[in-house]
Amino acid sequence: RKNTKRVPSFRKLLRTSQIKLDNKLKNKQYKQKSAVKKYRKEQKKLREAVKDAISRKPFPLEECKKKQFAGKHKEEEEEDALPLDMMDEDDLKLIEDLAQKASFLTRDLSSNEPVHVKKRKHESVIEKYEKVPRHMQTEPEKELIHLLPIKDKSGIIPQAVEKPVLNVARDEEEDTEEMEEAEDFEEPLPVLTPEEMAAQRRQKLQERKMHIAALASAILSEPDNNMKKLKELRAMLMEQDPNVAVVVRKLVMVSLMEIFKDIAPSYKIRPLTEAEKATKVKKETQKLREFEEGLVSQYKFYLENLEQTIKDWKQRKLKKSNVISLKAYKGLAEVAVKCLCELLVTLPHFNFHNNIIVLIVPLMNDPSKVISQLCFEAVKKLFKQDKLGYASLGVVKVISGLVRGRNYDVRPEVLKVFLHLRIKEVELQKDSEDIAPKKKFMTYKEKRKNLSRMQRKWKKAEEKLERELLEAEASESKEKKLKLHTETLNIVFLTYFRILKKAQKSPLLPAVLEGLAKFAHLINVEFFDDLLIVLHSLIATGGLSYRESLHCILSAFHILSGQGKGFLKSNFCGTNEDIGIVLQCLDVMFAKRRKQVSQQRALAFLKRLSTLALHVLPNSSVGILATNRVFMQTFPKMDLLLDNESQGSGVYLPELDEPEHCNAQNTALWELHLLQKFAAHLIAGAPTEGSGALSLDLSQR
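Residues 1 to 701 (the UniProt record's numbering) are what the sequence shown spells out, left to right.
Just so you know, these hints were derived from the structure itself, not from any lab. One or more hints might be untrue.
Claimed, not checked - Calculated lysine-lysine pairs in the DSBU-like style (CA-CA distance at most 30 Å, straight line):
(1) Lys338 to Lys397
(2) Lys459 to Lys480
(3) Lys338 to Lys327
(4) Lys397 to Lys384
(5) Lys424 to Lys518
(6) Lys229 to Lys20
(7) Lys268 to Lys480
(8) Lys37 to Lys24
(9) Lys231 to Lys283
(10) Lys311 to Lys229
(11) Lys416 to Lys330
(12) Lys277 to Lys20
(13) Lys381 to Lys424
(14) Lys416 to Lys387
(15) Lys280 to Lys300
(16) Lys261 to Lys282
(17) Lys369 to Lys338
(18) Lys505 to Lys518
(19) Lys481 to Lys464
(20) Lys478 to Lys387
(21) Lys478 to Lys268
(22) Lys592 to Lys478
(23) Lys231 to Lys277
(24) Lys501 to Lys397
(25) Lys397 to Lys380
(26) Lys231 to Lys250
(27) Lys424 to Lys481
(28) Lys287 to Lys24
(29) Lys231 to Lys261
(30) Lys300 to Lys387
(31) Lys250 to Lys261
(32) Lys380 to Lys338
(33) Lys330 to Lys231
(34) Lys384 to Lys424
(35) Lys483 to Lys424
(36) Lys229 to Lys268
(37) Lys384 to Lys483
(38) Lys314 to Lys330
(39) Lys416 to Lys369
Model the full structure from these sequences, guided by the hints.
So this is what it looks like as structure tokens:
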């Protein structure tokens with residue numbers, strides 16, 4: 001009979017999916033292994049049956065009876081036994097019948113008479129084995145590797161090559177023999193001295209370092225072709241050698257962080273849709289897709305490893321492998337936090353940036369000063385370099401949720417980070433976009449009426465170019481930036497107002513007042529009345545410190561550009577921190593509103609500041625004298641206080657609350673003679689040039 005089975009055509013083979021071919025190969029290998037195992041089991045059963053038959057050699061039934069009767073006579077002589085005479089005839093007959101029905105091992109094999117022909121349950125092992133049909137041990141089928149076909153005049157000729165199949169049974173026997181030999185000849189480990197252990201550790205560490213360096217250099221040279229090496233390097237985060245595990249894991253963390261900073265693209269990689277996966281693309285495009293997919297996958301696994309390291313340290317959990325001690329977990333956690341902070345700042349555009357924010361922001365409230373300071377500096381740096389505002393908005397949202405979720409029980413530094421936001425203007429009114437002039441292009445009728453044919457042609461090209469430029473700059477347009485900044489500042493003010501309303505006695509209040517003082521000029525007019533009422537009530541209660549009161553006053557100045565009177569009554573001998581806020585208040589009151597300030601008020605403040613400069617620390621004194629310099633250059637006739645002979649009506653009253661009526665024009669700045677280093681410049685009239693001009697170093701201070 002002819003073999004009607006056709007050889008599959010090449011096109012049919014191409015249509016067969018790779019998964020189907022892999023499944024066929026796996027099924028074939030599984031069948032081969034099963035056949036080998038079954039054959040080995042049969043051989044084992046045969047050997048056991050032969051051993052059992054040899055150990056139990058058969059002999060005739062008559063000899064068995066003679067030996068039994070001879071044994072009984074000997075036993076009667078030695079000890080008392082039951083005589084046969086005492087047994088009934090029926091019992092003897094029953095015993096003889098049972099003896100005739102003995103099994104295969106007790107009957108005479110020389111007899112050809114069959115015994116128990118119908119009872120197949122009592123067949124021996126050898127008889128069962130003999131009845132099993134024999135199968136010759138055949139070689140396993142060889143697998144064919146299909147090659148490219150050959151085409152001639154007769155048609156297409158398929159080509160194939162046999163693939164060698166490994167002898168699985170022989171490999172398994174060799175493995176078992178090697179394992180048995182290893183178990184039999186286990187040598188005791190040599191005892192090393194401390195010096196030898198240290199040298200061995202240094203050698204292992206050097207080998208790991210060289211391996212890490214080789215992998216990193218290969219990845220950086222060709223990132224798209226070395227994703228497997230990136231995976232191998234990431235696997236070293238699970239180093240199991242207790243002697244070098246801590247150091248190796250730290251090195252791998254930092255190495256991977258630098259690699260991702262270098263090879264990450266300047267855009268966010270999005271997952272492909274089903275339609276995009278189904279479409280055919282060029283080889284270069286497919287290679288780029290595979291690289292991006294592998295990069296995102298390995299970056300995700302790396303971030304998960306860093307997160308798990310921090311969680312293990314926070315939960316004080318010891319792993320089952322017991323490779324790293326609990327004390328070493330803190331060092332690993334610090335390195336993991338450093339890597340996350342660096343990725344937060346350098347890759348704000350890349351994938352999983354919001355996940356990093358969610359990890360870093362709660363650590364700003366960590367009891368460990370090292371970790372909290374690392375996170376605080378990273379967020380501060382992110383705010384300063386974020387020009388558009390996407391990353392800042394994400395961080396502000398997480399901080400607001402953290403403060404509210406912890407019931408306002410967080411460290412003040414968490415809110416102070418808002419002071420570093422890069423926000424200078426927001427959308428105060430929704431109608432501002434409608435009021436602002438927009439770019440308009442001429443209509444066809446206007447062009448036809450006002451322009452010539454050549455001018456219309458040039459105008460058309462010019463408008464086309466302008467439209468393309470606007471589309472290119474749309475991602476960083478001013479409107480988009482203002483919208484993000486407005487949303488960010490709304491969340492900041494919402495957090496501040498919640499604390500002012502629900503947690504006025506919280507340690508967060510100074511940070512809130514300081515933030516209001518900075519961003520008060522950006523608050524919507526609708527909130528002015530409510531905010532001023534709250535600030536006034538806080539000062540009226542008397543429960544605020546002097547610094548907090550100054551922040552309230554400065555906030556009010558920024559909101560209404562008003563003036564205050566009682567903020568120079570307290571001394572500053574113990575600290576230099578508050579003098580900066582005082583000088584900011586003076587700058588808002590006088591320098592920015594010089595046209596609305598009278599000469600009497602300016603003279604009064606100049607005199608009081610000079611007196612205050614004698615009672616503060618040197619750094620504060622220099623700041624006050626610099627402010628006096630601004631006074632003398634901004635307001636005319638300030639040199640009245642430099643003339644001892646000038647007289648006016650009344651006597652100077654330094655303790656009067658109202659600066660307009662203290663008669664400051666009738667006194668002099670005698671305090672400047674006690675402050676010669678900086679005051680010599682003021683005595684000369686605060687000139688900007690000449691011998692009396694202030695030096696550059698002192699002016700900058």
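Against the structure, the hints come out as follows:
1. Restraint check for Lys338 and Lys397: satisfied, since their Cα atoms lie roughly 22 Å apart, inside the 30 Å limit.
2. For a cut-off of 30 Å, the pair hint linking Lys459 to Lys480 stands: about 28 Å separates their Cα positions.
3. In summary, the hint linking Lys338 to Lys327 is supported, as the alpha carbons are separated by about 18 Å, within the 30 Å threshold.
4. Taken as a hint, the Lys397 and Lys384 pair is honoured in the structure, with Cα atoms around 17 Å apart against an allowance of 30 Å.
5. Of the supplied pair hints, the one linking Lys424 and Lys518 holds, its CA atoms being roughly 10 Å apart against a limit of 30 Å.
6. Among the hinted pairs, Lys229 with Lys20 is consistent with the structure: their alpha-carbon atoms are about 29 Å apart, no more than 30 Å.
7. Between the alpha carbons of Lys268 and Lys480 the distance comes to roughly 19 Å, so the proposed pair stays at or under 30 Å and holds.
8. Taking the CA atoms of Lys37 and Lys24, the gap is about 20 Å. The hint holds against a cut of 30 Å.
9. For the given pair, Lys231 sits about 23 Å from Lys283 by alpha-carbon distance, which is consistent with the 30 Å threshold.
10. Distance hint between Lys311 and Lys229 is fulfilled; the C-alpha atoms sit about 27 Å from each other, no more than 30 Å.
11. At most 30 Å may separate the alpha-carbon atoms for a hinted pair to count; Lys416 and Lys330 meet this at roughly 26 Å.
12. Note on Lys277 and Lys20: the hinted pairing holds, with a Cα-Cα distance of about 20 Å set against a maximum of 30 Å.
13. For the given pair, Lys381 sits about 17 Å from Lys424 by alpha-carbon distance, which is consistent with the 30 Å threshold.
14. Of the pairs offered as hints, the one joining Lys416 and Lys387 holds, with about 20 Å between alpha carbons and a cut-off of 30 Å not exceeded.
15. Using a Cα cut-off of 30 Å, the hinted pair Lys280 and Lys300 holds, with the two alpha carbons roughly 27 Å apart.
16. Proposed proximity of Lys261 and Lys282 is supported: the alpha carbons are some 28 Å apart, at most 30 Å.
17. Annotation: proposed proximity of Lys369 to Lys338 holds, straight-line Cα distance about 13 Å (limit 30 Å).
18. Distance check on the hinted pair: Lys505 and Lys518 sit about 21 Å apart at the alpha-carbon level, within 30 Å; holds.
19. In summary, the hint linking Lys481 to Lys464 is supported, as the alpha carbons are separated by about 25 Å, within the 30 Å threshold.
20. Of the supplied pair hints, the one linking Lys478 and Lys387 holds, its CA atoms being roughly 11 Å apart against a limit of 30 Å.
21. With a CA separation close to 22 Å, the supplied pair Lys478 and Lys268 stays within the 30 Å bound.
22. A C-alpha spacing of about 27 Å is found between Lys592 and Lys478, which places the hinted pair at or below 30 Å, so the restraint holds.
23. Only pairs whose Cα atoms come within 30 Å are accepted, and Lys231 paired with Lys277 is accepted, the gap being roughly 24 Å.
24. As the CA atoms of Lys501 and Lys397 are separated by approximately 20 Å, the hinted pair is consistent with the 30 Å bound.
25. About 15 Å separates the Cα atoms of Lys397 and Lys380, which keeps this hinted pair within 30 Å; it holds.
26. At most 30 Å may separate the alpha-carbon atoms for a hinted pair to count; Lys231 and Lys250 meet this at roughly 17 Å.
27. Between Lys424 and Lys481, the direct Cα distance comes to roughly 11 Å. Compliance with the 30 Å bound is thereby established for this hinted pair.
28. Taken as a hint, the Lys287 and Lys24 pair is honoured in the structure, with Cα atoms around 28 Å apart against an allowance of 30 Å.
29. For the hint pairing Lys231 with Lys261, the CA-to-CA distance comes to about 16 Å; that is within 30 Å, so the pair holds.
30. Between Lys300 and Lys387 the alpha-carbon distance is near 26 Å, which keeps this suggested pair within the 30 Å criterion.
31. Between Lys250 and Lys261 the CA atoms are separated by roughly 17 Å; this keeps the pair inside 30 Å, and the hint holds.
32. Distance hint between Lys380 and Lys338 is fulfilled; the C-alpha atoms sit about 14 Å from each other, no more than 30 Å.
33. Using a Cα cut-off of 30 Å, the hinted pair Lys330 and Lys231 holds, with the two alpha carbons roughly 25 Å apart.
34. Distance restraint check for Lys384 and Lys424: the Cα-Cα separation of roughly 12 Å lies within the 30 Å cut-off, and the hinted pair is therefore satisfied.
35. Straight-line distance between C-alpha atoms of Lys483 and Lys424 comes to about 12 Å, which keeps the hinted pair within the 30 Å bound.
36. For the suggested pair Lys229 and Lys268, the alpha carbons sit about 23 Å apart, so the restraint of at most 30 Å is met.
37. At most 30 Å may separate the alpha-carbon atoms for a hinted pair to count; Lys384 and Lys483 meet this at roughly 18 Å.
38. Between the alpha carbons of Lys314 and Lys330 the distance comes to roughly 9 Å, so the proposed pair stays at or under 30 Å and holds.
39. Distance restraint check for Lys416 and Lys369: the Cα-Cα separation of roughly 16 Å lies within the 30 Å cut-off, and the hinted pair is therefore satisfied.
Of the numbered hints listed earlier, not one is contradicted by the structure.
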